[in-house]
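**Q** As a plain string of letters, each chain reads:
Protein chains: 2
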Amino acid sequence: MKTGKAELVCTGSELLEGKLNLYAPLFHERLRPLGFRLTREQSSGDDLEAIADCIKGALRRASLVLVCGGLGPTFDDLTRQAAAKALGRKVVLSGACRQALSRAFRLRRLPPNLLDQARIVEGAKPIENVNGTAFGEVLTVGRRLLVLLPGPRREWEPMFPGRLEAGLKAFFGLPPLAAVKLRSAGLGEPQAERLLRPAMRRYPGASYTILAGQGTVDFIVSGDDSRGVVSRAAAACRRLLGGALYGEGETTLPEALGAALKARGRTAAAAESCTGGRAAGLITDAPGSSAWFNGGVVAYSNAAKVRLLGVKAGTLKRRGAVSAECAAEMAAGARKVFRSDYAFSVTGIAGPGGGTAEKPVGLVWFGLAGPRGTRTFSRRFRGDRALVRERAANFILDELRKIIE
Amino acid sequence: MKTGKAELVCTGSELLEGKLNLYAPLFHERLRPLGFRLTREQSSGDDLEAIADCIKGALRRASLVLVCGGLGPTFDDLTRQAAAKALGRKVVLSGACRQALSRAFRLRRLPPNLLDQARIVEGAKPIENVNGTAFGEVLTVGRRLLVLLPGPRREWEPMFPGRLEAGLKAFFGLPPLAAVKLRSAGLGEPQAERLLRPAMRRYPGASYTILAGQGTVDFIVSGDDSRGVVSRAAAACRRLLGGALYGEGETTLPEALGAALKARGRTAAAAESCTGGRAAGLITDAPGSSAWFNGGVVAYSNAAKVRLLGVKAGTLKRRGAVSAECAAEMAAGARKVFRSDYAFSVTGIAGPGGGTAEKPVGLVWFGLAGPRGTRTFSRRFRGDRALVRERAANFILDELRKIIE
Numbered sequence: 273m274k275t276g277k278a279e280l281v282c283t284g285s286e287l288l289e290g291k292l293n294l295y296a297p298l299f300h301e302r303l304r305p306l307g308f309r310l311t312r313e314q315s316s317g318d319d320l321e322a323i324a325d326c327i328k329g330a331l332r333r334a335s336l337v338l339v340c341g342g343l344g345p346t347f348d349d350l351t352r353q354a355a356a357k358a359l360g361r362k363v364v365l366s367g368a369c370r371q372a373l374s375r376a377f378r379l380r381r382l383p384p385n386l387l388d389q390a391r392i393v394e395g396a397k398p399i400e401n402v403n404g405t406a407f408g409e410v411l412t413v414g415r416r417l418l419v420l421l422p423g424p425r426r427e428w429e430p431m432f433p434g435r436l437e438a439g440l441k442a443f444f445g446l447p448p449l450a451a452v453k454l455r456s457a458g459l460g461e462p463q464a465e466r467l468l469r470p471a472m473r474r475y476p477g478a479s480y481t482i483l484a485g486q487g488t489v490d491f492i493v494s495g496d497d498s499r500g501v502v503s504r505a506a507a508a509c510r511r512l513l514g515g516a517l518y519g520e521g522e523t524t525l526p527e528a529l530g531a532a533l534k535a536r537g538r539t540a541a542a543a544e545s546c547t548g549g550r551a552a553g554l555i556t557d558a559p560g561s562s563a564w565f566n567g568g569v570v571a572y573s574n575a576a577k578v579r580l581l582g583v584k585a586g587t588l589k590r591r592g593a594v595s596a597e598c599a600a601e602m603a604a605g606a607r608k609v610f611r612s613d614y615a616f617s618v619t620g621i622a623g624p625g626g627g628t629a630e631k632p633v634g635l636v637w638f639g640l641a642g643p644r645g646t647r648t649f650s651r652r653f654r655g656d657r658a659l660v661r662e663r664a665a666n667f668i669l670d671e672l673r674k675i676i677e
Numbered sequence: 273m274k275t276g277k278a279e280l281v282c283t284g285s286e287l288l289e290g291k292l293n294l295y296a297p298l299f300h301e302r303l304r305p306l307g308f309r310l311t312r313e314q315s316s317g318d319d320l321e322a323i324a325d326c327i328k329g330a331l332r333r334a335s336l337v338l339v340c341g342g343l344g345p346t347f348d349d350l351t352r353q354a355a356a357k358a359l360g361r362k363v364v365l366s367g368a369c370r371q372a373l374s375r376a377f378r379l380r381r382l383p384p385n386l387l388d389q390a391r392i393v394e395g396a397k398p399i400e401n402v403n404g405t406a407f408g409e410v411l412t413v414g415r416r417l418l419v420l421l422p423g424p425r426r427e428w429e430p431m432f433p434g435r436l437e438a439g440l441k442a443f444f445g446l447p448p449l450a451a452v453k454l455r456s457a458g459l460g461e462p463q464a465e466r467l468l469r470p471a472m473r474r475y476p477g478a479s480y481t482i483l484a485g486q487g488t489v490d491f492i493v494s495g496d497d498s499r500g501v502v503s504r505a506a507a508a509c510r511r512l513l514g515g516a517l518y519g520e521g522e523t524t525l526p527e528a529l530g531a532a533l534k535a536r537g538r539t540a541a542a543a544e545s546c547t548g549g550r551a552a553g554l555i556t557d558a559p560g561s562s563a564w565f566n567g568g569v570v571a572y573s574n575a576a577k578v579r580l581l582g583v584k585a586g587t588l589k590r591r592g593a594v595s596a597e598c599a600a601e602m603a604a605g606a607r608k609v610f611r612s613d614y615a616f617s618v619t620g621i622a623g624p625g626g627g628t629a630e631k632p633v634g635l636v637w638f639g640l641a642g643p644r645g646t647r648t649f650s651r652r653f654r655g656d657r658a659l660v661r662e663r664a665a666n667f668i669l670d671e672l673r674k675i676i677e
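Residue numbers (the working numbering), protein chains in the order written: chain A, 273 to 677; chain B, 273 to 677.
Quick caveat, the hints were computed from the structure, so don't treat them as lab data.
One should not assume that every hint holds.
[Unchecked claim] To give an idea of the interface, some chain A residues facing chain B are shown, with a C-beta separation under 7 Å as derived from the structure:
1. Ser562
2. Val569
3. Ser573
4. Phe610
Everything numeric in this text was worked out from a predicted model, so none of it was measured.
By construction, the Cβ of each residue, glycine as well, lies at the ideal position given by its N, Cα and C atoms.
Can you build the whole structure from these sequences, using the hints too?
**A** Now the structure itself:
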């Protein structure tokens, strides 16, 4: 299989001082269809020597090197100079870039800091930036390419679809790597791995990656599909996953739930205690969710459970808020008040406080109310407050999806 | 200033195939109090040669090298072998590790895959793993230290407070780097930078980092504080930020809001349309929020706004759901139905669809109801659906905080 090796160099002291580096997954997604695998990522502070050293090392190993960040107009933007140093070239003023900036800003004479943005590494082909002043730069280094990109995603992302992708295809001519992302809920990571092992054994020609979420597991089958290996392996995985498969590609669990409801002309509503709006928040992340989601109540206090959802005071007294009875009354109440076809409820102990021997931290009761009545479930989730809340939200969205499908 | 250079090597193909790398910010927080700055991070796939190459490079540049991941018992766990190769040493069976595993698993004879976990690089000092079978390893390489750590956070994190921190202090004896994190809301990144520039000019002996969130900006002042430079610079920044400063350290905006309400014995509630539960979700992320947050309504449909919050049908007809009048009625309705001292409302057009010339995508109306009546605001946020929602949620939490404080 003909695969290109690509390396990523991320620049910016903030990446080593607390800011999360989001680049690698984003570039991975962009590079795979172009036939490249990301084989190393390096993050360096705003230090000319260090950036130049990262670039030199990457160019020794990979046929494509992407450098992200450090092309802005301020003192700590050093990527141009570092790339020039790594290649033993100069930074020069580009007439074409200067004209493009003059046009964009309607200025006949550019002020010094803007004029600096027209400087590029000798021999670079500039790529226009529709959302900023820093040009991308493509440099041919023997049989390798070095690409400099501005840091902000809204600036570098528009550069791919046009000139950059065409340039990479023309220069390297690699077959695209196919990838199928299968998304499941309700399985743990080891469980999913065991379930899918027969497909992995049968189709060793494909590559497999498992990514565990909070109560969700993504399974990526990838490789050269010119002989159909990836397609056949993915089909085998689909069969093995069965009802646990909620979607493919970038479909989210709430989107899968929404599609199932929409296809049947049904609506849903939410009654949340311990998840405190997280489940409704996940649902309404999906554009167009207003077509099938009527709304929800965050009934954090017992008084709110009684007043807004019609939970009986006696239920709370006898059974407590974290109980099957309360979950059932919350779900039935939400279905009624939002006049929806379905409603779910979540009530549990997310921690860190509030647990008892009988009702430990992580215990969550769920209700599902629908045209055929109300069901309840309970689960005990491991992890801290944030994990318990996210796993509980994903769990009930998936249970609702399964009932509807 | 005496600062140690540390480098991080992260191993695991998943880090180059779509999984977010969370290590750098976590290790940054751990290393700063020990007197180290992170100067480079490298991520490598599960490839023995590549990991060894990353380690060799890092040991040439830094006095402390941490390698994270790849110490498990499966075929793709190669960090031990890679470290041995980088140092020209062997991997050997450790009697002490073997005994510790025998005790932990109450087995006199370890099965082969568990026995493999007792193998360490020649000369390494093992560190016990309270949540797993992979030992941490500390290797002295001349005047440098190489530390191998298991990948899962729950396994490596407990290794720091005890032996690892003590070992690093004893070996290097560096003064700790002080750091003050000031957290602000309501300022953009360039605005915050302009505001704080006088402090940065006056105290050039400290280092400064700006981290922009969605409608929030963190400002970190760090350095050697043995002469009080960091403390004085942080005090100057505090004065400059004024009311925009909502908290310090790891305090979140909802926690700051909660502390302000709790101190005054007051409660709050939420009425959300376009944020769809995100604001309530942020609030209930904070442990103990039930003491001051009564709950919320996600009134995604107009019918829910009328039925649950008492918004007048005439208001929706005349002004629409995205209007000052609707925002005011939503906030007043939530305050009443949850019997809280304060309530806020959010109603806007998060996009991508639904915008008009008069009410474009990003336009959001807010209401704040309190003992002294109801106020409304509007803002136009830039960005996609997720950004508009997060910025809107942070905006109104901060406005409520300012009114209460």
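**Q** All the hints need checking, so say for each whether the structure fits it.
**A** Structure-based check of each hint:
no.	hint	result
1	Ser562	5 Å, holds
2	Val569	6 Å, holds
3	Ser573	5 Å, holds
4	Phe610	6 Å, holds
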